[in-house]
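Heads up: the protein sequence lines correspond to chains A and B, in order.
Residue 265 in numbering that gives the first Met the number 0 sits at position 266 of the first sequence; the count goes up by one each step and never skips.
Residue 100 in numbering that gives the first Met the number 0 sits at position 101 of the second sequence; the count goes up by one each step and never skips.
Any given hint might turn out to be false.
Below, a list of computed lysine-lysine pairs in the PhoX-like style, where the Cα atoms sit at most 20 Å apart [said to hold, decoys possible]:
#1 B:Lys114 x A:Lys373
#2 A:Lys103 x A:Lys373
#3 A:Lys373 x B:Lys26
#4 B:Lys168 x A:Lys373
#5 B:Lys111 x A:Lys299
Worth flagging that the hints you see were computed from the coordinates, not collected in a lab.
Quantities reported herein were computed from a predicted structural model and do not represent experimental measurements.
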Amino acid sequence: MENMVQTAMQNVNFAAIMPSLVLTCFCLALLLLNAFVKRGSTSYAAFFSLVALGATACVSYLAWDNPQFGFAGQVALDNYAVFFNFIFILAAALSILMSDAYLKREGYPVGEYYTLILFSTVGAMLMASGTDMMTIFLGLEVMSIALYVLAGFFRRQLRSNEAGLKYFLLGAFSTGFLLYGIALIYGVTGTTNVADIGSYLAMNHHLVSDPILVGGMILLATGFLFKIAIVPFHMWTPDVYEGAPTPIAAFMSAGPKAAAFAAFMRVFLIGLGSMHSTWVGMLWVLAVLTMIVGNFIAIKQTNLKRMLAYSSIAHAGYALVGLVASNAVGVSAVLFYMLAYTLMNIGAFSILVLAGKVGEDNLTLQGFAGFGYKRPVLAVLFTICLFSLMGIPPSAGFTGKFFIFAGALNAGYVWLAVIGVLNSAVSLYYYLRVMVYMYFRSPEEEFDWVQLKPGATLCAVISVVGVLVLGIVPGAVMALARHALF
Amino acid sequence: MSEHILSLMTFFPLLGMLIILMLPGGKGGLLKCTTLVITLITFVISLPLALDPVFKTSGAMHYTEFAPWISVGDYFQMNYSVGIDGISLWLVLLTTFIMPITVLSTWQAVDKNVKGFMALMLLLETAMLGAFISLDLFLFYIFWELMLIPMYFMIGIWGGANRIYAAVKFFIYTAVGSLLMLVAIIYLYYYAVNTGGVVNGFSVTDFYNLNLHPELQKWLFLAFAFSFAIKVPMFPVHTWLPDAHTEAPTAGSVILAAVMLKMGTYGYLRFAMPLFPDALQQFLPWLAALSVIGIVYGALVAMMQKDVKKLVAYSSVSHLGFVMLGLFALNNIGVSGAILQMVNHGISTGALFLIVGFIYERRHTRLISEFGGLSKQMPVFAVIFMIVTLSSIGLPALNGFVGEFMILLGAFESELRWFAVVATTGVVLSAVYMLWMYQRVMFGKLDNPKNQNLKDLSVREICIMLPLLVFIFWIGVYPNTFLEKMEPAVNQALSQISGEARAQTYIPVCTDAEQQGKCPHTYGVDAQGDADLHL
Numbered sequence: 000m001e002n003m004v005q006t007a008m009q010n011v012n013f014a015a016i017m018p019s020l021v022l023t024c025f026c027l028a029l030l031l032l033n034a035f036v037k038r039g040s041t042s043y044a045a046f047f048s049l050v051a052l053g054a055t056a057c058v059s060y061l062a063w064d065n066p067q068f069g070f071a072g073q074v075a076l077d078n079y080a081v082f083f084n085f086i087f088i089l090a091a092a093l094s095i096l097m098s099d100a101y102l103k104r105e106g107y108p109v110g111e112y113y114t115l116i117l118f119s120t121v122g123a124m125l126m127a128s129g130t131d132m133m134t135i136f137l138g139l140e141v142m143s144i145a146l147y148v149l150a151g152f153f154r155r156q157l158r159s160n161e162a163g164l165k166y167f168l169l170g171a172f173s174t175g176f177l178l179y180g181i182a183l184i185y186g187v188t189g190t191t192n193v194a195d196i197g198s199y200l201a202m203n204h205h206l207v208s209d210p211i212l213v214g215g216m217i218l219l220a221t222g223f224l225f226k227i228a229i230v231p232f233h234m235w236t237p238d239v240y241e242g243a244p245t246p247i248a249a250f251m252s253a254g255p256k257a258a259a260f261a262a263f264m265r266v267f268l269i270g271l272g273s274m275h276s277t278w279v280g281m282l283w284v285l286a287v288l289t290m291i292v293g294n295f296i297a298i299k300q301t302n303l304k305r306m307l308a309y310s311s312i313a314h315a316g317y318a319l320v321g322l323v324a325s326n327a328v329g330v331s332a333v334l335f336y337m338l339a340y341t342l343m344n345i346g347a348f349s350i351l352v353l354a355g356k357v358g359e360d361n362l363t364l365q366g367f368a369g370f371g372y373k374r375p376v377l378a379v380l381f382t383i384c385l386f387s388l389m390g391i392p393p394s395a396g397f398t399g400k401f402f403i404f405a406g407a408l409n410a411g412y413v414w415l416a417v418i419g420v421l422n423s424a425v426s427l428y429y430y431l432r433v434m435v436y437m438y439f440r441s442p443e444e445e446f447d448w449v450q451l452k453p454g455a456t457l458c459a460v461i462s463v464v465g466v467l468v469l470g471i472v473p474g475a476v477m478a479l480a481r482h483a484l485f
Numbered sequence: 000m001s002e003h004i005l006s007l008m009t010f011f012p013l014l015g016m017l018i019i020l021m022l023p024g025g026k027g028g029l030l031k032c033t034t035l036v037i038t039l040i041t042f043v044i045s046l047p048l049a050l051d052p053v054f055k056t057s058g059a060m061h062y063t064e065f066a067p068w069i070s071v072g073d074y075f076q077m078n079y080s081v082g083i084d085g086i087s088l089w090l091v092l093l094t095t096f097i098m099p100i101t102v103l104s105t106w107q108a109v110d111k112n113v114k115g116f117m118a119l120m121l122l123l124e125t126a127m128l129g130a131f132i133s134l135d136l137f138l139f140y141i142f143w144e145l146m147l148i149p150m151y152f153m154i155g156i157w158g159g160a161n162r163i164y165a166a167v168k169f170f171i172y173t174a175v176g177s178l179l180m181l182v183a184i185i186y187l188y189y190y191a192v193n194t195g196g197v198v199n200g201f202s203v204t205d206f207y208n209l210n211l212h213p214e215l216q217k218w219l220f221l222a223f224a225f226s227f228a229i230k231v232p233m234f235p236v237h238t239w240l241p242d243a244h245t246e247a248p249t250a251g252s253v254i255l256a257a258v259m260l261k262m263g264t265y266g267y268l269r270f271a272m273p274l275f276p277d278a279l280q281q282f283l284p285w286l287a288a289l290s291v292i293g294i295v296y297g298a299l300v301a302m303m304q305k306d307v308k309k310l311v312a313y314s315s316v317s318h319l320g321f322v323m324l325g326l327f328a329l330n331n332i333g334v335s336g337a338i339l340q341m342v343n344h345g346i347s348t349g350a351l352f353l354i355v356g357f358i359y360e361r362r363h364t365r366l367i368s369e370f371g372g373l374s375k376q377m378p379v380f381a382v383i384f385m386i387v388t389l390s391s392i393g394l395p396a397l398n399g400f401v402g403e404f405m406i407l408l409g410a411f412e413s414e415l416r417w418f419a420v421v422a423t424t425g426v427v428l429s430a431v432y433m434l435w436m437y438q439r440v441m442f443g444k445l446d447n448p449k450n451q452n453l454k455d456l457s458v459r460e461i462c463i464m465l466p467l468l469v470f471i472f473w474i475g476v477y478p479n480t481f482l483e484k485m486e487p488a489v490n491q492a493l494s495q496i497s498g499e500a501r502a503q504t505y506i507p508v509c510t511d512a513e514q515q516g517k518c519p520h521t522y523g524v525d526a527q528g529d530a531d532l533h534l
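I would like the entire structure built from these sequences, with the hints used as guidance.
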């Protein structure tokens with residue numbers, strides 16, 4: 000016993016959890032600060048959160064090419080984790096930028112909102128750096144519980160309540176699956192450490208088809224795929240995105256999704272790498288289903304938040320193609336794609352935040368008729384984000400898809416790539432339709448309620464610049480993603 | 000300076016677009032003048048290319064520029080690699096030449112949101128020039144897709160009554176084809192990498208030397224050919240064209256007809272045919288049949304149109320069928336004729352769309368039945384219209400004759416003899432629909448009172464048409480100016496297609512799962528192979 004404690008103590012390496020630690024400290028400080036500041040003003044909290052994220056980014060950067068391991072192999076702050084940390088920090092920062100004016104408009108200027116976003120980011124970072132199933136589970140819970148609250152944050156709105164409750168019930172259920180999966184895998188391999196599972200299965204190759212292990216793998220996948228919103232575990236997405244505060248929908252579609260991808264890829268490629276042939280077929284089918292369902296249902300949507308929700312399902316399907324490829328190109332393409340998707344999707348959401356009225360009932364296709372003439376700059380920013388979501392060059396969405404499909408083709412999955420690009424073609428229709436309303440229809444409203452709030456405008460501009468930079472010179476970032484592979 | 004002439008020419012309009020965006024939006028005249036100056040400067044920049052005698056002797060790429068662009072370790076290498084030979088030379092010049100003319104044509108036609116229109120025109124010019132000079136398939140694809148965006152907005156915002164349908168149809172048709180081509184491009188790249196071929200980015204000249212298995216060529220060729228066939232457009236994927244042409248504003252129609260359709264035929268000649276020569280041979284009769292169907296079908300449908308613009312649009316289907324037939328003849332005279340006909344079609348059909356624009360601006364209708372007897376009222380217009388009509392039909396001494404004659408001659412000398420016989424009826428039919436249309440619009444009694452006070456062409460309008468008329472006669476009387484510079488390049492392309500230029504051994508493919516271990520950068524997936532996977 001004493002010996003074990005000693006081993007654990009030797010393994011304490013705070014540098015390995017430093018980003019989470021720093022952000023947690025800031026979170027707690029912000030929580031205290033909220034208690035002392037009068038209600039009604041939250042700009043200070045937004046500013047404080049941005050500083051906190053900046054500090055976390057700096058701390059994360061210290062670990063680039065300087066990997067930190069600790070806590071008996073439970074945590075690894077390697078390049079992979081650092082790359083994902085930057086995605087989470089970016090997603091959180093951009094969402095916070097657009098939140099301040101939004102919360103005031105909707106009548107919920109509450110500082111705890113920011114604390115919850117930051118806590119959710121802490122959880123995401125733990126997931127990305129977790130190398131033990133328990134750490135990953137812990138991160139997932141920290142991230143999700145904060146999100147459950149955030150989804151239902153507008154407590155006087157039925158829609159938001161529904162979103163929170165739905166997300167909570169289904170999320171709790173799926174976490175149960177995840178935990179059960181961990182338990183079954185533990186039962187077969189005797190460890191929860193991802194690397195140990197990997198080496199154990201590699202040495203005992205006959206276990207790979209063990210029904211308990213396969214069952215555990217499927218349950219584990221269910222838990223992760225629920226968070227990523229892969230068909231058939233996508234049902235919650237449209238309702239939650241529609242009901243949740245718009246910046247939270249933006250954040251959920253980028254940060255937590257990337258976190259689930261980070262953990263999913265680490266567990267499946269390292270821990271269950273020996274079972275590749277078992278899970279790759281399953282993921283192939285799910286990727287195809289996800290792309291098809293997401294894109295085809297998006298066609299029917301008239302509410303833009305719901306449309307973006309279905310589009311985010313479809314995009315998760317594209318990203319899954321990279322994991323199916325399971326080669327270095329494909330996996331680093333997933334990293335790149337997560338970053339690209341964060342930028343283009345949050346950019347699109349920030350325009351919705353700017354263009355919405357109180358209650359956001361005007362965020363429909365019809366509500367955007369003639370937007371391009373009344374608000375030309377915002378419309379151009381929106382258009383660039385939409386072209387990027389379509390995958391038209393020169394944009395981050397194009398290069399991201401290019402890398403993903405390149406990975407798939409390099410691994411020999413020609414049909415998967417063909418299905419993927421045909422799905423992109425389907426998606427053209429509903430993205431183009433937004434532009435049809437914005438530019439090809441006469442304005443019915445003056446859009447005089449639209450104000451260029453500095454935070455949200457900055458968020459849109461940063462996103463669009465990022466989208467174009469990643470679209471024209473993606474080489475440097477893709478090289479980083481390549482370097483970030485475990 | 001001269002070594003960067005292509006980049007300068009391509010990106011100058013983009014720079015111009017930024018200037019336009021900074022100008023105040025209310026001043027339409029200023030915006031139009033600035034755009035005109037920018038396009039004229041671009042034309043001047045491109046002129047030395049036309050005067051360079053090097054194209055007479057060498058079919059290789061000239062004015063090449065090369066710079067590494069995207070480089071991700073051993074994953075990808077994309078380069079900024081551009082250059083022109085005698086084939087792209089004339090298409091580049093056609094583009095820079097037609098742009099100032101289209102800008103001039105917008106003087107009265109475009110009055111809403113001039114700033115947006117001009118910015119899109121300049122963006123479109125950059126994209127089109129970029130596509131013609133790209134020697135890297137990835138770069139080509141970027142420009143190819145980029146072209147869609149400005150044209151989509153030009154049709155959708157400034158188009159006619161049915162513009163939304165036309166714009167969306169145009170975008171989706173073209174994008175579907177090009178997405179499949181993208182898969183083929185990536186596949187080709189990895190094939191080159193995995194077979195240990197010379198890989199310098201997505202360089203098309205290196206890909207020419209790949210020895211692809213015929214079965215593989217078949218699929219890749221289909222992906223490329225489908226994409227380009229939509230753009231040409233070949234029967235039966237032509238249906239976007241009448242809609243887009245009819246609904247687009249005059250400037251948009253002119254650019255579509257004069258330049259963008261040539262992307263498809265150029266794509267065949269530069270990419271689809273030389274990259275996959277075996278597959279080309281396999282599909283040749285089918286493609287030639289589709290071309291001939293396009294020729295006859297386009298002409299017959301054109302004959303029955305009530306709308307002048309739609310008639311010209313369907314005549315494009317017919318004319319582009321000739322171009323394709325010339326390319327598939329696979330001999331020097333046919334291919335040269337096809338390239339010349341690309342230029343001819345750009346000039347003649349561009350001029351026809353301008354003419355339709357002139358009468359539309361006066362009467363706000365394009366229905367043939369609304370007109371009649373205009374020749375008395377508008378004598379200058381009647382002369383110019385007549386010349387252009389005859390040029391489109393292919394009257395000797397005018398440009399259309401030379402192109403069509405060479406194409407038919409080439410096709411007749413090749414294996415496509417009987418196709419050429421059927422295609423010849425297209426020449427007759429084109430005389431029928433064009434002259435019949437001309438007769439109904441220009442001759443007869445001036446009985447519609449709305450036509451009584453029509454003004455003849457203004458000086459600006461004559462200035463627009465004059466340069467086109469010059470080339471209609473020049474190419475018709477002395478086509479050698481153009482032919483002599485494309486000949487070496489055509490021979491080069493033909494030797495590529497006939498396979499003389501490549502080695503004859505097949506290298507095995509390394510894409511299947513069984514060979515994954517041997518391929519570079521692939522994760523091992525079995526117990527032995529997961530050396531890459533540890534933390």
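Evaluation of the provided hints:
For the hint pairing B:Lys114 with A:Lys373, the CA-to-CA distance comes to about 15 Å; that is within 20 Å, so the pair holds. Only pairs whose Cα atoms come within 20 Å are accepted, and A:Lys103 paired with A:Lys373 is rejected, the gap being roughly 24 Å. Proximity of A:Lys373 to B:Lys26 is assessed by CA-CA distance (about 18 Å); at most 20 Å being required, the pair is judged to hold. Distance hint between B:Lys168 and A:Lys373 is unfulfilled; the C-alpha atoms sit about 26 Å from each other, more than 20 Å.
Annotation: proposed proximity of B:Lys111 to A:Lys299 is violated, straight-line Cα distance about 32 Å (limit 20 Å).
Hints 2, 4, 5, counting from the list given before, are not met by this structure.
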